[in-house]
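Q: Protein chains in written order, with this note's numbering: chain L, 51 to 838; chain H, 190 to 344; chain E, 20 to 283.
Hints may be right or wrong, so weigh each one.
[Claimed, not checked] Calculated cross-link-like contacts (lysine-lysine; reagent style PhoX-like; alpha-carbon spacing at most 20 Å): (1) L:619 to L:649; (2) L:73 to H:281; (3) L:638 to L:622; (4) L:324 to L:294; (5) E:58 to L:176; (6) L:294 to L:325.
[To be verified] Some residues of chain H that are not near chain L, with every Cβ distance over 12 Å (derived): (7) 191; (8) 260; (9) 305; (10) 308.
What the hints contain is simulated information worked out from the structure, not anything from laboratory work. Just so you know, even glycine gets a beta-carbon here, dropped at the ideal spot from N, CA and C.
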Amino acid sequence: MTEGTGIGARVRRTEDNRFLTGKGRYTDDINRIGQAYACFLRSPHAHAKIDGIDTGAAKNAPGVIAVLTGDDVAADGLGGIPCGFSPTGTQAPQNAPPRPALVQGKACFVGDLVAMVIADNLNQAKDAVELIQVDYQELPANVDPAKATDPSTPRIHEAAENNLVAEWGIGDKEAADQAFAQAHHVTKLDLINNRQIPNAMEPRCSIGEHDEANESYTLYTTSQNPHVTRLLLAAFVMQIPEHKLRVVSPDVGGGFGSKIPHYPEEALVTWSAKKVGRPVKWTADRSESFLSDTHGRDHVTRAELALDENGKFLALRVHTAASLGAYLSTFGALSTTYLYGTVLSGPYVIPAIHCGVTIVFTNTAPIDAERGAGRPEATYLVERLVENAAREMGIDRADIRRRNFIPADAFPYQTPVVLAYDSGNYDPILDMALKSADYAGFEARSADAKSRGKLRGIGFSTYIEACGIAPSNVAGAIGAGIGLYESAEIRFAVTGAVSVHTGSHSHGQGHETTFAQIVVDRLGVPFDNVEIVHGDTARVQWGHGTYGSRSLAVGGSAIAVACDKAIAKGKKVAAHLLEASAADIEFKDGNFTVSGTDKSKSFGEIIGAAMVPHNFPLDEMEPGLDQRAFYDPKNFTFPAGCHICEVEIDPDTGRVAVVNWTAVDDFGKIVNPMIVEGQIHGGIAHGIGQALLENCVYDPETGQLVTGSYMDYCMPRADDLPNFNLGFTETLCPHNPLGVKGCGEAGAIAAPPALINAVTDAIGVDIDMPATPEKVWRALQSRAQAAE
Amino acid sequence: MPTVSMTVNGQPAAGEVEGRTLLVEFLREHLRLTGTHVGCDTSQCGACVVHVNGKSVKSCTMLAAQADGAEVTTIEGLATNGELHPMQAAFKEHHGLQCGFCTPGMVMSAVDLLNTNANPSEREIREWLEGNICRCTGYNNIVKAIQAAAGQTGG
Amino acid sequence: MYNFNYHRAGSVEEAVQLLSGASEGTLMGGGMTLIPVLKQRLANPSDVVDIGGISALSGVSEDGGKVVVGATTTHAAVASDATVQAKIPALAVLAESIGDAQVRNRGTIGGSIANNDPAADYPAALVGLGATIRTNTREIAADDFFTGLFETALGDNEIITAVAFPVPDKAGYAKFPNPASRYAVVGVMASQGPAGTRVAVTGAGPCVFRAADMEAALSSNFSAEALSGISVSADDLNSDIHASAEYRAHLVGVMARRAVAAAG
Ligand SMILES: Cc1cc2nc3c(=O)[nH]c(=O)nc-3n(C[C@H](O)[C@H](O)[C@H](O)COP(=O)(O)OP(=O)(O)OC[C@H]3O[C@@H](n4cnc5c(N)ncnc54)[C@H](O)[C@@H]3O)c2cc1C
Ligand code: FES
Ligand code: FES
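Based on the sequences and whatever the hints tell you, model everything.
A: This is the structure in structure tokens:
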């Protein structure tokens with residue numbers, strides 16, 4: 051174990067002291083003087099015309115300050131909630147119907163925002179919401195992505211014929227079809243990637259505030275990317291200059307993608323704060339979170355893998371119907387297009403790939419990124435196909451993977467679906483996982499389980515991930531409205547204190563610790579002298595925020611570059627102080643030394659000289675040492691790994707117990723192993739949740755959310771999970787200054803197919819996620835019947 | 190409005206509340222003890238767990254009036270003289286928290302577990318945590334932290 | 020939540036008085052069901068009468084060969100009570116399986132059975148062990164107490180004071196929890212003793228019920244094998260996204276065999 055506080059050390063987290071003593075500062079912990087409380091009336095119908103809203107009684111209720119509807123939004127000229135992504139590679143430009151902050155004439159999903167009440171206290175606001183009368187004319191609803199384009203399905207938006215967002219495709223269809231025509235074996239799979247609700251434990255919360263003196267606004271909000279929220283809210287919704295809006299995202303209690311989008315509630319508290327002349331606070335109930343946070347996944351897919359007689363992959367063909375819910379959220383189709391189709395090659399050589407996606411609207415909550423965002427969906431289908439193919443062709447599941455891995459000497463490797471993998475070495479990962487999971491001993495464990503009346507199964511998942519998103523030119527080419535570089539600013543105080551202002555946002559990832567480790571490693575300053583500042587547009591120059599496992603690879607790299615710039619200037623200062631030439635100054639372990647001598651200055655002394663420039667080459671340089679960097683990654687990063695899951699199934703009830711989990715991952719350089727392990731644990735748990743427990747269900751007839759609370763939406767709990775057995779290999783990322791790759795989503799990407807492969811191994815039939823007891827029991831019944 | 194008074198973290202605390210005021214509202218809004226969190230509205234997530242008369246309870250499912258006269262301990266009252274309680278220290282040492290939102294309830298629940306069962310098995314720990322949902326950690330390191338706080342080796 | 024007047028009753032008599040004086044009064048035991056219901060604004064009582072502090076209603080005692088559990092005894096107290104563990108260990112197991120630790124620290128037996136949630140555990144214990152419910156006015160046999168979905172034989176302002184359990188020779192409880200809520204998808208209490216041979220099923224139907232065919236088979240041979248091939252009909256069983264009626268019917272068989280096996 052690396053000692054100290056630099057890169058590689060298991061530094062205990064800086065942020066923990068405040069979290070452990072109840073001193074964290076989450077948005078709902080903030081109370082502004084004179085604040086009023088907002089409560090929303092949400093549509094109880096999945097699809098309804100609104101012929102009138104009577105707010106009279108509500109307006110007269112005790113404590114009520116304002117009752118606002120879509121008419122008020124329109125009257126004030128508030129812009130719609132924008133979508134920042136419009137995919138290229140579509141047959142026609144995507145249909146992007148407007149999304150007013152409060153509905154105008156029509157509600158499109160259960161939970162859609164119909165009216166807003168602002169009152170002196172929350173109970174008054176809630177009471178008044180019940181007094182609003184809405185004249186709804188219910189329309190038939192559709193919640194099934196596979197049915198959305200049927201001519202008989204009711205149209206949700208005038209602007210979207212057949213409820214189509216877009217038809218998107220990637221890869222070479224002709225080449226794939228040809229390969230299939232010549233294949234020795236074809237494995238086919240129809241599958242559903244079940245809709246998920248991200249469920250960060252902190253419900254969303256927003257407080258809007260207006261400063262009359264400066265004509266400016268402040269929004270405190272639970273966001274993973276306050277600058278992006280500022281851009282969208284200021285430029286598109288409020289139509290004010292960005293400097294007139296400050297967005298603060300203090301401690302945020304988890305995101306998992308659901309706190310990326312800019313939400314209408316954020317716009318409404320900000321806008322209404324000026325209208326009512328008081329700060330306006332809204333905190334979601336968990337029930338509201340279920341209805342209105344963005345959801346994830348929701349794919350219906352047919353996938354086929356073509357193989358030759360040796361089990362070598364020839365081609366992959368995929369067609370998916372993917373829902374984006376009732377409106378386009380901030381990143382809209384990104385997770386269903388480029389973050390999905392481009393990773394279909396996995397860690398394998400697959401000469402031809404084609405993937406088509408029919409992207410549709412349904413009468414459900416908007417869908418956006420959820421931990422992994424597109425890559426779990428892709429990995430799930432590839433890994434299930436691979437394991438089914440192995441079973442069908444009688445090849446060992448490890449062997450079939452080995453035969454098809456991209457060889458270590460083939461990097462950089464260009465896949466047929468756009469991406470060029472920069473580095474990787476997959477065999478050692480598999481070797482380590484096989485050993486660590488004692489694959490050889492599985493038969494014996496299986497026999498033992500049988501003697502106890504249990505069915506034991508084993509399943510693999512060897513994944514790659516494309517993360518550290520993303521090079522800005524690529525972002526532009528695929529249809530993003532923003533660049534995806536990250537910024538860092540490093541500021542030095544006279545006394546030697548170092549403040550690092552980062553555009554990444556921490557909501558559990560521990561940046562205050564890992565980012566400080568980078569600075570310690572780079573500059574040799576004491577850990578306790580380093581402060582990480584994030585989450586406030588007034589304190590941080592600019593940032594794209596945290597998602598896509600990008601904070602360390604992009605945000606951390608920006609910090610490293612800023613540090614290097616400070617060192618470069620520091621060398622010049624040292625040269626002056628030490629009366630040497632800058633070319634002769636070496637920087638090592640926090641000291642600037644004239645090479646070949648013992649003449650040296652510590653970094654702290656250089657900071658002092660630069661900040662109090664009594665003896666400083668003022669005619670050559672500006673005083674001060676502060677530096678700023680905007681780091682744009684040259685490529686994605688490509689972590690890879692192998693997860694092996696073992697389950698035991700109780701055939702009487704169908705209950706699946708996860709009994710063993712082995713994960714071996716290659717994340718490149720690891721800055722803080724303790725934190726990385728924690729990220730993997732959480733990711734695996736999230737993936738096990740999807741595969742075994744979690745399912746977002748809308749009633750197919752009424753469009754009501756059936757799983758609208760923890761009574762029905764099954765979150766993984768401590769007794770659902772085993773301990774996780776982790777291992778790491780390391781191939782460095784060749785193109786970023788830290789050699790790092792990113793780890794936040796890997797578990798959620800790798801886990802679902804490993805688990806379902808283990809279940810299908812145990813029961814001998816295919817099954818969709820989540821593998822609930824009844825589903826497994828029914829599968830066993832049908833197998834028993836078939837055997838009769 | 191009725192008045193309630195109780196001892197919170199060793200200090201007397203009193204206030205006027207409505208009948209419907211929940212203990213968690215009293216703590217967060219009247220006393221500004223915002224370490225106790227609210228993560229759900231169905232009494233299932235455990236972000237709100239505090240101790241009332243030495244037992245862990247969900248402060249979102251108890252009226253402030255029900256706690257009249259009680260001894261209440263919240264996460265803010267666990268550390269003594271700036272020294273982390275052994276359970277808090279174990280969570281830090283074993284990385285039993287990420288975003289920190291579930292953490293106060295998780296720690297208060299874990300402290301009650303060890304008060305009730307000083308040497309729990311891994312299974313018993315996992316079952317005890319049924320009422321505490323964490324989305325970040327996968328529970329692996331929470332279990333480890335509790336084992337360590339119980340003085341179990343290898344924790 | 021709508022507002023209400025809160026009262027803490029010092030005695031059963033005071034509680035009755037407070038209830039009869041209220042336009043729409045409701046009792047509160049542990050509040051573990053009532054408060055979530057109020058939070059969802061599904062009820063709007065004028066007055067809430069808290070009986071949780073009445074010490075005479077709390078605790079476990081032995082009375083004429085019966086184990087008597089006071090109405091406000093918490094699930095945690097039942098689970099850890101030495102008398103319960105010695106005389107009716109299956110009851111301790113059942114109480115320990117309810118909800119989570121914090122729910123068990125506050126939820127009470129009286130509140131659970133008064134509420135008669137179709138997925139609650141205690142109804143299976145009371146019917147499966149042949150208990151008697153004592154109220155401020157009378158005694159009611161468990162067989163007559165649970166009358167339907169969220170319905171009981173309790174009259175207006177009638178307060179449960181205790182539940183008396185005969186001590187069985189053998190008893191076992193097996194529960195298949197709902198993976199999300201952890202309430203019973205199916206829970207079965209099987210026993211043999213002074214109250215006869217009993218198999219009570221909760222979770223599966225709209226209200227706890229006895230499985231007559233199973234009881235008949237067990238009365239001559241109290242063993243899991245005796246139940247093989249006996250099933251309950253799926254007609255009238257509950258069906259939801261977690262378990263269809265057919266699956267529940269199947270689980271009744273599995274849980275009944277496990278309950279009997281656990282009874283030893
Ligand atoms: C997260 C969670 C999980 C749960 N899991 C389970 C589970 O797995 N299994 C299970 O069985 N239960 C479960 N419960 C319910 C729990 O057991 C409740 O404690 C119980 O159902 C109600 O008891 P209480 O004392 O809290 O009643 P209260 O909520 O106080 O009252 C419930 C009802 O009973 C009435 N009442 C209360 N006491 C009396 C009395 N003495 N006489 C007459 N009427 C009375 C009240 O007026 C009210 O209508 C769970 C609850 C929660 C919040
Ligand atoms: S806030 Fe979720 S249990 Fe109390
Ligand atoms: S640490 Fe984030 S929910 Fe537990």
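Q: For every hint, state whether the structure bears it out.
A: Each hint, compared with the structure:
Taking the CA atoms of residue 619 of chain L and residue 649 of chain L, the gap is near 18 Å; set against the 20 Å cutoff, the hint holds. Only pairs whose Cα atoms come within 20 Å are accepted, and residue 73 of chain L paired with residue 281 of chain H is accepted, the gap being roughly 15 Å. Between the alpha carbons of residue 638 of chain L and residue 622 of chain L the distance comes to roughly 15 Å, so the proposed pair stays at or under 20 Å and holds. Distance restraint check for residue 324 of chain L and residue 294 of chain L: the Cα-Cα separation of roughly 13 Å lies within the 20 Å cut-off, and the hinted pair is therefore satisfied.
With a CA separation close to 11 Å, the supplied pair residue 58 of chain E and residue 176 of chain L stays within the 20 Å bound. With a C-alpha separation of about 16 Å, the suggested pairing of residue 294 of chain L with residue 325 of chain L holds against the 20 Å cut-off. Every beta carbon of chain L lies more than 12 Å from that of residue 191 of chain H, the smallest distance being close to 16 Å; the non-interface claim holds. Listed as outside the interface, residue 260 of chain H is consistent with that label: its C-beta sits roughly 17 Å from the nearest C-beta of chain L, beyond the 12 Å cut-off.
With a least beta-carbon separation of about 16 Å from chain L, residue 305 of chain H lies farther than 12 Å from that chain, consistent with its non-interface assignment. Non-interface call for residue 308 of chain H relative to chain L: holds, since the shortest CB-CB distance, roughly 18 Å, exceeds 12 Å.
Hint violations for this structure: none, all hints satisfied.
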